[in-house]
Amino acid sequence: MTHPLSSCFCSCRVNRGGQAENSLFSLFRGSVHLWKIDRMLARYLPLLQCYGNFMGRTTIIARPLLASNFSTNGTTSQDANASAQSEGRREEQVSSSKEDDVKFKIFSAALPLVHQLGWTKECLEAGAESIGFSKSSHGIFEHGGTSFVQFFHRNCNKELRKIAKVEQIESAKSDELTKVHQLLEKRLQMILPYLPQWPQAMALMSRPHSSLDSYKLLYELADDICFFAGDRSLNATWYTKRAAVAGLYITGELSLVQDKSANCDESWQMLARRIEDLRKVEEFGGSCSRQQEILKDIAQSSLTLIRNLTGMQSYQRNSR
Amino acid sequence: MCYEQAQLKFVHYGCVRTCVEGGSFQHETMSLRLSPALRHLRANKFACNNCLRKKHTKISDEVHGMLRVDHAGEFGANRIYAGQMAVLAGRSKSAALIQHMWDQEKEHKKIFDDLMVKHRVRPTALMPFWHIAGFLLGAGSAVLGEKSAMACTVAVEASIVEHYNDQLRKLANDNPEKHAEIMAAIKKCRDEEQEHHDTGLDKGAEQAFLYKAMTAVIKVGCKAAIALSTKV
Numbered sequence: 001m002t003h004p005l006s007s008c009f010c011s012c013r014v015n016r017g018g019q020a021e022n023s024l025f026s027l028f029r030g031s032v033h034l035w036k037i038d039r040m041l042a043r044y045l046p047l048l049q050c051y052g053n054f055m056g057r058t059t060i061i062a063r064p065l066l067a068s069n070f071s072t073n074g075t076t077s078q079d080a081n082a083s084a085q086s087e088g089r090r091e092e093q094v095s096s097s098k099e100d101d102v103k104f105k106i107f108s109a110a111l112p113l114v115h116q117l118g119w120t121k122e123c124l125e126a127g128a129e130s131i132g133f134s135k136s137s138h139g140i141f142e143h144g145g146t147s148f149v150q151f152f153h154r155n156c157n158k159e160l161r162k163i164a165k166v167e168q169i170e171s172a173k174s175d176e177l178t179k180v181h182q183l184l185e186k187r188l189q190m191i192l193p194y195l196p197q198w199p200q201a202m203a204l205m206s207r208p209h210s211s212l213d214s215y216k217l218l219y220e221l222a223d224d225i226c227f228f229a230g231d232r233s234l235n236a237t238w239y240t241k242r243a244a245v246a247g248l249y250i251t252g253e254l255s256l257v258q259d260k261s262a263n264c265d266e267s268w269q270m271l272a273r274r275i276e277d278l279r280k281v282e283e284f285g286g287s288c289s290r291q292q293e294i295l296k297d298i299a300q301s302s303l304t305l306i307r308n309l310t311g312m313q314s315y316q317r318n319s320r
Numbered sequence: 001m002c003y004e005q006a007q008l009k010f011v012h013y014g015c016v017r018t019c020v021e022g023g024s025f026q027h028e029t030m031s032l033r034l035s036p037a038l039r040h041l042r043a044n045k046f047a048c049n050n051c052l053r054k055k056h057t058k059i060s061d062e063v064h065g066m067l068r069v070d071h072a073g074e075f076g077a078n079r080i081y082a083g084q085m086a087v088l089a090g091r092s093k094s095a096a097l098i099q100h101m102w103d104q105e106k107e108h109k110k111i112f113d114d115l116m117v118k119h120r121v122r123p124t125a126l127m128p129f130w131h132i133a134g135f136l137l138g139a140g141s142a143v144l145g146e147k148s149a150m151a152c153t154v155a156v157e158a159s160i161v162e163h164y165n166d167q168l169r170k171l172a173n174d175n176p177e178k179h180a181e182i183m184a185a186i187k188k189c190r191d192e193e194q195e196h197h198d199t200g201l202d203k204g205a206e207q208a209f210l211y212k213a214m215t216a217v218i219k220v221g222c223k224a225a226i227a228l229s230t231k232v
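First to last, the protein sequences are chains A and B. Under my numbering, the first residue of the first sequence is numbered 1, with each subsequent residue one higher. Under my numbering, the first residue of the second sequence is numbered 1, with each subsequent residue one higher.
Treat the hints as calculated values from the structure; they're not laboratory data. Among these hints, one or two may not hold up.
To be verified - The list that follows gives simulated cross-link-like pairs (lysine-lysine, DSS-like), each with its CA atoms no further than 27 Å apart:
hint	chain 1	residue 1	chain 2	residue 2
1	B	K223	A	K186
2	B	K170	B	K147
3	A	K165	B	K178
To be verified - Sample of chain A residues at the chain B side, in silico, Cβ under 10 Å:
hint	residue
4	Q189
5	D223
6	F227
7	R232
8	A236
9	F284
10	C288
11	Q300
12	S302
13	I306
Just so it is clear, CB atoms sit at the ideal spot from N, CA and C, and this is done for glycine as well.
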């Protein structure tokens, strides 16, 4: 049978099995290899994620490293290199805002029930029922409890941004670390109402399944806090600051979960002490850069000295 | 397996295929078909289906990468001129010229700083590395002589101009109105870098010792740096 592409038989060659093949046939064999690689990934990728999670949530993987697609939010890109993610995104964009609305409604209805039912699918079911949706609309949260907690985190981050804008923290007169402290406290206070069930939420977010999303959420939280605290640095301190803030958030969260003092005072005091430590580190860094300039001067003057001693200086001057 | 099945099995990721079955001419952009086991990874996306970051910036990840690498490039150029000045200041006739070019690079960096902050772009993680490498390149080329310093400038500026032209082309192909501000910034920088390139040639860069080899090596290094800084 003829195939339109059969005319594209090009560069016949003999493969390892001794058969004559063309490049199209070898592409087909390649696709079988792709399938095998796909199966291998399916088996081993969850284990790799597990290993990454074993290193602890304080290990911050630069999530933006993995994200790189050209399609912009809302515009249909004719670019032939549209990735599979953006493909799915485009299909879902049409109904995404509506979906978000429904999701938020079910989420808000389910939150008060977390105390009785925990961060689970049952809680979402009960929440959906209480506002008149069918029980099975909990499925809008694809992975049940995990998606519930993810949505909660995302919502809290959104609230934090709103608070930062409303209270105009950015333009306040206090220094950066004070603002970081303020924002961190506000964000940690958002989990206080759900503290008894928070260990369950933390466990759900620590799973390999949700590790990527939890790192992404943490990165975005740290970025937002640093930005609204007024950090406009564009060098290595960008990374160190965000790492510090992310670490502080996790420490705060862990401390709150096991805090037995009244009003969780111990945790807030611990947070204040950590901020003071950061302040001392900053001062030390500042003094280091001042000393760096002194070192530069020393280096320059010793070079001049060597040139004088070896006669290079006068040689150059005379030879000109 | 027969030929047609073979064709259907192997889908070219990202290419556009026309389905002519039943007389319809439907264009379909092929996406990588994930196995059922891996599909859950794709489904386990962020709850809002869009990157959260895109909610408060209006430019795509690729433009983020462009700004990142441009910022890193201007920072590197600053450090190269700093290295050259450290060696040649007060001992060369072109010191004033190099200082002038360095001042222009400082302006470029300021432009990209503002754009980075405006769009909340992450700076490259290799900043400390470019801090040192740029200085060493500038100082090293200046130690070899004034003409070698000019040759280094010529090589670096040539690769930067090429890179900016590539970016301008990409942005123009995507959406010129949307990226107008960024394109204007890149154009300004590109024109001044071209000036630096021509100045370097005027000042006798081609008479430097091993001009061709040095420029080739520097251009390769610049290409690698650009590729790295876009992602990292």
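Do the hints match the structure? See the list:
1. With a C-alpha separation of about 45 Å, the suggested pairing of B:K223 with A:K186 is violated against the 27 Å cut-off.
2. A threshold of 27 Å between alpha carbons decides the hint, and for B:K170 with B:K147 the separation of about 35 Å lies outside it, so the pair is violated.
3. With a C-alpha separation of about 26 Å, the suggested pair A:K165 and B:K178 falls inside the 27 Å cut-off, and the hint holds.
4. Because the beta carbon of A:Q189 sits about 21 Å from the nearest beta carbon in chain B, more than 10 Å, this interface hint is broken.
5. Hint status for A:D223: holds, given a least beta-carbon distance of 7 Å to chain B, under 10 Å.
6. Hint status for A:F227: holds, given a least beta-carbon distance of 6 Å to chain B, under 10 Å.
7. With 10 Å as the threshold, the beta carbon of A:R232 comes within range of chain B, its nearest partner Cβ sitting at about 5 Å, so the hint holds.
8. For A:A236, the interface hint holds, since its Cβ comes within 10 Å of a Cβ in chain B; the closest pair sits about 5 Å apart.
9. At its closest, the beta carbon of A:F284 sits 18 Å from a beta carbon of chain B; the interface hint therefore is violated under the 10 Å criterion.
10. A hinted interface residue such as A:C288 counts as satisfied when its beta carbon comes closer than 10 Å to some beta carbon of chain B; here the least separation is about 14 Å, so the hint is violated.
11. Using the Cβ-Cβ criterion of 10 Å, the hint placing A:Q300 at the interface with chain B is satisfied: the shortest such distance is roughly 8 Å.
12. Given hint, A:S302 at the interface with chain B, is violated; its Cβ is 14 Å from that chain's nearest Cβ, farther than 10 Å.
13. The interface hint given for A:I306 is violated, since its Cβ lies 15 Å from the closest Cβ of chain B, which is over the 10 Å cut-off.
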